[in-house]
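**Student:** Each chain, written out:
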Amino acid sequence: MHSTPEIQTALEKYENGVLSRRAFLRRMGILGVGFAAANAVSLSPLGATKAWAAINGAEERAWNLAKTAAAKAAKKHLTLLIPTGSIGNMTPYVDKWKNELGVTLEFIEEPDEVVHTKGMQEAVAKTGRYDVMMPTAMSYPDWLDSGLIYDLTDWVNKYQPDIFHDEWGVVFPASHHAQLYNGRVVGLLCDGDQITLLCRADHIKNSAKAKAFEDKHGYKLNLPKTWKEYYVLAQFMHDPKNNFYGSLEYRSRYYSKWMFMQRLASKGRLWFDQDMNPTFNSPEGLQVLEDMLAMNQYLHPDAFSFTWSSNYNAFGRGEGFMNIVWPSGFKYSTAPSTGPATTGKIMATVMPADTLPDGNLLYAGMFCWGYGFAISKYSANPELAYAYAQWMTSPTISADAIPYLGGYSDPYRINHMLKPTPRLVETYTKDYLKTLYNNIVNTVPDFCLPGGFEYQDALDKEVHACMTGEKKPKAALDAASRAFDRITRRVGKDKVRKSWFALTENLAAPIKKATGRSDWKM
Amino acid sequence: MGKKNAISIGRMFTTPGQLVSLLVLVMPLAVAFYMSFTDWTPTRGSLAQAEFVGLENYRELLVWDTRFLEAIGRTLALSAICLCLEFLLGLGLAVLFMRSFRGKRALLSAFLTPMMVLPVVVGYTFWMLFQTNGPVNQVLQLLGMAGPEWFKDSTLAFAAVVITEVWHWTPLFFLILLSGLNAVPENPIRAAVILGANPRQVFWHVVLPMLRPVIVVAFVIRTMEVIKLFDEVFMLTRGGPGSSTETISLYIYKLAFNDFQLSYGAAAAFMVLVGSLLLVHLLLTPIKDQLMEDRH
Amino acid sequence: MAPRKLGIPLAVVMGAGLAFTLFPIFWLVMTAIKPPIDWNASPAVWLPSCPTFINFLTLFDPDAIREYGVGGVSQSATAAVFGSILASVASTCISVCIGLFSAIGISRYSKGSRSTPLVILSGRMFPPAAIAVPFVIIFSTVSLIDSYVGLIAVYVAVTLPFSTWMLKSFVDDLPREIEEAAMLDGMTRVKAHLTVTIPLIKGGLFSTTMLVFILNWSEFMFALVLSYSNISTIPVQLSKYVTATAGTLYGVQAALAVLAMLPLVAGGFLIQGHLARGMTFGAIKQ
Chain E
36 MHSTPEIQTA
46 LEKYENGVLS
56 RRAFLRRMGI
66 LGVGFAAANA
76 VSLSPLGATK
86 AWAAINGAEE
96 RAWNLAKTAA
106 AKAAKKHLTL
116 LIPTGSIGNM
126 TPYVDKWKNE
136 LGVTLEFIEE
146 PDEVVHTKGM
156 QEAVAKTGRY
166 DVMMPTAMSY
176 PDWLDSGLIY
186 DLTDWVNKYQ
196 PDIFHDEWGV
206 VFPASHHAQL
216 YNGRVVGLLC
226 DGDQITLLCR
236 ADHIKNSAKA
246 KAFEDKHGYK
256 LNLPKTWKEY
266 YVLAQFMHDP
276 KNNFYGSLEY
286 RSRYYSKWMF
296 MQRLASKGRL
306 WFDQDMNPTF
316 NSPEGLQVLE
326 DMLAMNQYLH
336 PDAFSFTWSS
346 NYNAFGRGEG
356 FMNIVWPSGF
366 KYSTAPSTGP
376 ATTGKIMATV
386 MPADTLPDGN
396 LLYAGMFCWG
406 YGFAISKYSA
416 NPELAYAYAQ
426 WMTSPTISAD
436 AIPYLGGYSD
446 PYRINHMLKP
456 TPRLVETYTK
466 DYLKTLYNNI
476 VNTVPDFCLP
486 GGFEYQDALD
496 KEVHACMTGE
506 KKPKAALDAA
516 SRAFDRITRR
526 VGKDKVRKSW
536 FALTENLAAP
546 IKKATGRSDW
556 KM
Chain A
3 MGKKNAISIG
13 RMFTTPGQLV
23 SLLVLVMPLA
33 VAFYMSFTDW
43 TPTRGSLAQA
53 EFVGLENYRE
63 LLVWDTRFLE
73 AIGRTLALSA
83 ICLCLEFLLG
93 LGLAVLFMRS
103 FRGKRALLSA
113 FLTPMMVLPV
123 VVGYTFWMLF
133 QTNGPVNQVL
143 QLLGMAGPEW
153 FKDSTLAFAA
163 VVITEVWHWT
173 PLFFLILLSG
183 LNAVPENPIR
193 AAVILGANPR
203 QVFWHVVLPM
213 LRPVIVVAFV
223 IRTMEVIKLF
233 DEVFMLTRGG
243 PGSSTETISL
253 YIYKLAFNDF
263 QLSYGAAAAF
273 MVLVGSLLLV
283 HLLLTPIKDQ
293 LMEDRH
Chain R
72 MAPRKLGIPL
82 AVVMGAGLAF
92 TLFPIFWLVM
102 TAIKPPIDWN
112 ASPAVWLPSC
122 PTFINFLTLF
132 DPDAIREYGV
142 GGVSQSATAA
152 VFGSILASVA
162 STCISVCIGL
172 FSAIGISRYS
182 KGSRSTPLVI
192 LSGRMFPPAA
202 IAVPFVIIFS
212 TVSLIDSYVG
222 LIAVYVAVTL
232 PFSTWMLKSF
242 VDDLPREIEE
252 AAMLDGMTRV
262 KAHLTVTIPL
272 IKGGLFSTTM
282 LVFILNWSEF
292 MFALVLSYSN
302 ISTIPVQLSK
312 YVTATAGTLY
322 GVQAALAVLA
332 MLPLVAGGFL
342 IQGHLARGMT
352 FGAIKQ
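These protein sequences, in sequence, are chains E, A and R.
Counting from 36, one number per residue, gives the positions in the first sequence under our numbering.
Counting from 3, one number per residue, gives the positions in the second sequence under our numbering.
Counting from 72, one number per residue, gives the positions in the third sequence under our numbering.
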């Protein structure tokens with residue numbers, strides 16, 4: 036999108052009060068400016084002209100780069116490797132790229148767990164078939180080390196995607212966890228994957244239940260603030276006879292580890308200490324497993340086989356009181372087509388806190404999964420590919436792309452949450468966007484490390500074994516801890532340790548303090 | 003038209019097959035074999051740059067990798083249970099089919115159908131059947147039992163895999179044993195009956211010994227396949243809960259295509275190959291002579 | 072000795088066995104004709120509330136299912152069906168042709184043919200996941216990755232031992248005297264094989280072809296690993312029916328599974344008589 040004289044005139048007129056906000060938005064629409072961008076500009080405290088230049092900058096720079104790169108490209112074609120179910124956020128722009136740049140976009144969809152596999156395979160096969168790849172943040176370290184993807188830092192410095200901007204950048208610390216490897220930018224985040232807690236508002240506001248709850252527990256029925264309250268609420272609301280369960284927490288393979296990591300983070304523990312010893316094999320880790328086991332009786336019976344989509348479906352059918360899910364879960368449970376029993380009945384809150392030894396509450400979030408764009412080293416048009424990634428993730432385009440229901444991108448930039456467009460508000464509600472912001476500022480990272488997929492699988496396997504009763508908590512954590520040591524040894528301790536330090540350098544202040552990260556010495 | 007000519011014709015006939023096997027079977031095996039002695043993973047560059055580490059991968063597997071050893075034990079246990087059940091059910095069914103009844107041909111076709119279903123589809127179908135609110139549990143409820151959560155409990159998940167496998171491959175045992183039974187000559191049976199043997203004795207002492215080679219062949223064929231069991235489990239449990247249904251093939255897949263420990267995965271595969279060849283060889287020993295006569 | 076009749080108790084046993092055998096297939100077919108609302112209903116719905124072919128239509132026209140309020144399906148199975156047919160048919164033909172010549176060569180001209188075919192065993196017992204990696208390495212150097220030529224080459228190689236040994240068992244059954252008589256008539260050896268041997272094992276050739284086709288058609292792992300974007304097969308496509316809005320599309324998946332099953336079930340019936348031999352590499356003859 037380029038600043039034509041017409042747009043300049045419209046901006047000035049709006050600033051001088053000649054155009055009403057509505058007229059301005061309409062005018063911008065006629066001039067081909069996306070509503071998201073126009074609206075952001077109209078609301079900016081900077082004033083329309085400055086805001087336009089600013090918030091639109093990343094998009095505009097990307098577009099200009101795309102134009103230059105497309106003109107140079109021999110084959111005006113980009114191939115994108117994406118996870119199945121994510122295409123809906125990208126299809127609305129296919130025509131624009133075709134018509135205005137002559138670039139055709141081809142999407143190759145693979146099941147979510149296969150994207151990492153296909154990428155690593157490409158590192159061996161070097162076919163050049165993929166230009167842009169959309170992995171989770173956990174893939175970057177191994178992909179970069181395999182020579183599969185570009186270190187984007189130079190492009191980022193040159194074309195300024197504004198990923199660290201303090202008004203419309205990616206929210207800190209996700210901006211660092213999900214885009215950097217050893218301090219270098221390796222991917223552009225396009226999906227704000229954090230988990231938050233959803234509750235059924237209709238049950239909280241039910242006065243009979245509220246009274247019964249207060250009589251029984253001595254405090255008001257409300258959204259849970261701590262894990263203890265969460266447990267009490269699940270117990271209170273659990274009503275299996277009516278196919279209504281306390282909570283829909285995941286207990287299935289691949290997902291269980293995140294439930295464990297989330298609770299562990301709430302207790303002020305990360306995954307390793309400064310010498311790469313696993314920290315979960317500790318009283319805190321054991322307590323987490325015990326808490327999760329105690330919770331099992333109040334979970335949906337399918338919790339042990341939930342995938343993200345079957346969880347969303349079950350919650351949308353009204354089969355539970357609480358759910359711990361990604362923001363797309365909120366999006367689905369509030370849309371009539373996917374949440375027939377929950378539309379208009381959802382409240383949300385940040386993840387519950389836990390009490391630290393010093394008596395303070397620690398709020399921590401979990402930034403997990405987190406898709407982003409990486410650029411293949413074997414791409415014939417890497418600059419064009421990068422331009423696409425920056426354009427799609429720019430503050431303005433992303434604000435426009437996220438609300439589409441056919442994909443699972445979630446808000447990740449500051450402007451998505453704090454200065455949302457009407458469509459974002461319509462999809463997520465103002466309150467929920469605020470909740471997302473309050474949660475994401477306290478998130479801790481996934482295993483975005485060399486060998487990350489091995490670590491996560493080893494942990495998940497043992498947590499899952501414990502949840503299913505195959506192993507006692509201590510035995511499970513001992514086994515996970517042994518597996519971690521083995522992975523660290525095989526990948527190379529120095530290498531992992533270096534990137535672990537880099538990964539944990541950026542944490543919210545309370546978490547940095549509680550976990551002792553602030554005292555670590557390389 | 004001499005002997006020389008015959009040999010050259012024989013060579014001409016077999017060369018294309020050997021060539022294809024060499025290029026597309028032996029070569030990859032050789033690459034995998036070489037790989038298994040290096041420390042190669044894509045994060046360390048290309049295979050050519052990989053360091054030669056001798057038997058390090060094999061040592062790591064045997065000494066440190068408990069998950070590998072567990073997967074092997076589990077696969078053996080699973081194979082033993084499945085094969086015994088398949089054998090017994092298949093034998094029972096084959097014996098039933100030796101009797102006369104109407105619609106035999108159609109029933110035979112019906113009983114053989116599972117074998118014709120794609121493994122991936124089998125896994126997917128049983129995954130639906132074993133859902134907590136799925137039809138299996140509905141039937142159990144009708145029978146007055148509470149339907150369990152199949153994929154939550156390690157024993158039940160294992161049972162689900164066994165049931166799936168048994169459903170899929172009992173027809174093969176049935177088919178092989180049926181052709182074996184059909185081929186049993188009448189004379190020894192008549193002789194036994196004349197000597198006063200009751201039908202049960204005839205079956206145990208006359209028919210079954212004659213079936214031995216056929217039974218061994220069935221076991222060998224199924225052993226070869228069940229050791230590689232992948233598609234069904236992949237769709238059904240992904241090896242869970244924990245790793246209670248992780249077969250060796252699933253573990254090797256994880257090593258190769260999740261962790262990309264390619265050289266390490268190759269080493270694991272070779273150990274499995276050698277182990278299964280030994281196993282098959284052992285199974286074949288008792289009938290080796292008979293088998294060769296058969297071929298004549 | 073006339074076979075004994077099946078009594079009522081045994082008939083009941085057999086009936087139970089039949090129910091166990093057919094129920095999963097019944098379930099799959101029912102799922103394939105269920106409208107979206109019944110797919111994941113809880114408790115599960117046995118018979119569709121209103122049977123529909125929409126799932127089958129959706130396979131070839133992803134937007135068809137919009138009329139049931141399910142959007143965002145971006146996958147069309149057309150390419151996968153085409154790919155499965157191409158890869159299976161081509162590789163089966165090649166494998167059986169080469170296998171036929173090898174079978175004649177080994178059966179008629181080779182002395183060591185009676186030893187246990189270790190190569191077959193190795194080929195079939197090596198964990199496919201591990202041999203797939205060398206394929207990726209080798210194929211990427213000769214640009215065969217993500218191409219049907221590559222996939223067909225793999226399928227030929229994997230099934231060749233199978234077709235060779237099965238066909239060999241049929242050739243072995245044929246008395247040498249028949250070919251020798253033809254040769255005495257003045258035919259060359261090659262011509263004798265082409266005009267006498269091959270027509271005489273027609274039935275075996277057909278059965279082998281069907282069995283090799285079944286193996287190729289069901290193959291999952293190699294297709295999963297070797298396909299990027301140019302090639303696709305049905306087993307790989309099956310795992311791709313997930314959308315963000317409706318989750319897993321059970322009905323559509325089941326429809327594709329039913330489609331995939333049909334040729335195999337039909338083929339199995341056609342060659343029922345040779346099935347035992349085929350499944351045992353010719354070790355059992357009937």
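Do not take every clue at face value.
To be verified - Every beta carbon over 12 Å from chain A, so not counted as near; a handful from chain R, in silico:
id: 1; residue: Val204
id: 2; residue: Thr235
id: 3; residue: Glu290
Claimed, not checked - Looking from chain R toward chain E, a few residues come up when the C-beta cut is under 10 Å (computed):
id: 4; residue: Gln146
id: 5; residue: Phe210
id: 6; residue: Leu341
id: 7; residue: Gln343
Said to hold, decoys possible - Sample of chain A residues facing chain R (criterion: CB under 8 Å; computed from the structure):
id: 8; residue: Pro18
id: 9; residue: Val22
id: 10; residue: Val26
id: 11; residue: Leu95
id: 12; residue: Ser111
id: 13; residue: Val122
id: 14; residue: Phe160
id: 15; residue: Leu210
id: 16; residue: Ala268
id: 17; residue: Ala271
None of these hints come from the bench; they were simulated from the model.
Bear in mind the structure is a predicted one, so any value in this text is a computation, not a measurement.
Positions of the beta carbon are idealized from the N, C-alpha and C atoms, including for glycine.
**Student:** If a hint holds in the structure, say so; if it doesn't, say that too.
**Tutor:** Hint by hint, here is what the structure shows:
1. Val204: violated (5 Å)
2. Thr235: violated (6 Å)
3. Glu290: The assertion about glutamate 290 of chain R is violated, with a minimum of 9 Å to chain A.
4. Gln146: holds (7 Å)
5. Phe210: Hint holds; phenylalanine 210 of chain R Cβ to chain E Cβ min 7 Å, cut 10 Å.
6. Leu341: Status violated, d = 34 Å.
7. Gln343: violated (36 Å)
8. Pro18: holds (5 Å)
9. Val22: Because about 6 Å separates valine 22 of chain A from the closest Cβ in chain R, which is inside the 8 Å limit, the hint holds.
10. Val26: Interface hint status for valine 26 of chain A: holds (3 Å vs cutoff 8 Å).
11. Leu95: Where the cut-off is 8 Å and the nearest Cβ of chain R is about 6 Å from leucine 95 of chain A, the hint holds.
12. Ser111: Serine 111 of chain A check passes; min Cβ-Cβ to chain R is 6 Å, inside 8 Å.
13. Val122: holds (5 Å)
14. Phe160: violated (19 Å)
15. Leu210: Violated, because the Cβ-Cβ distance from leucine 210 of chain A to chain R comes to roughly 16 Å (cut-off 8 Å).
16. Ala268: holds (5 Å)
17. Ala271: holds (3 Å)
The structure shown violates the earlier hints numbered 1, 2, 3, 6, 7, 14 and 15.
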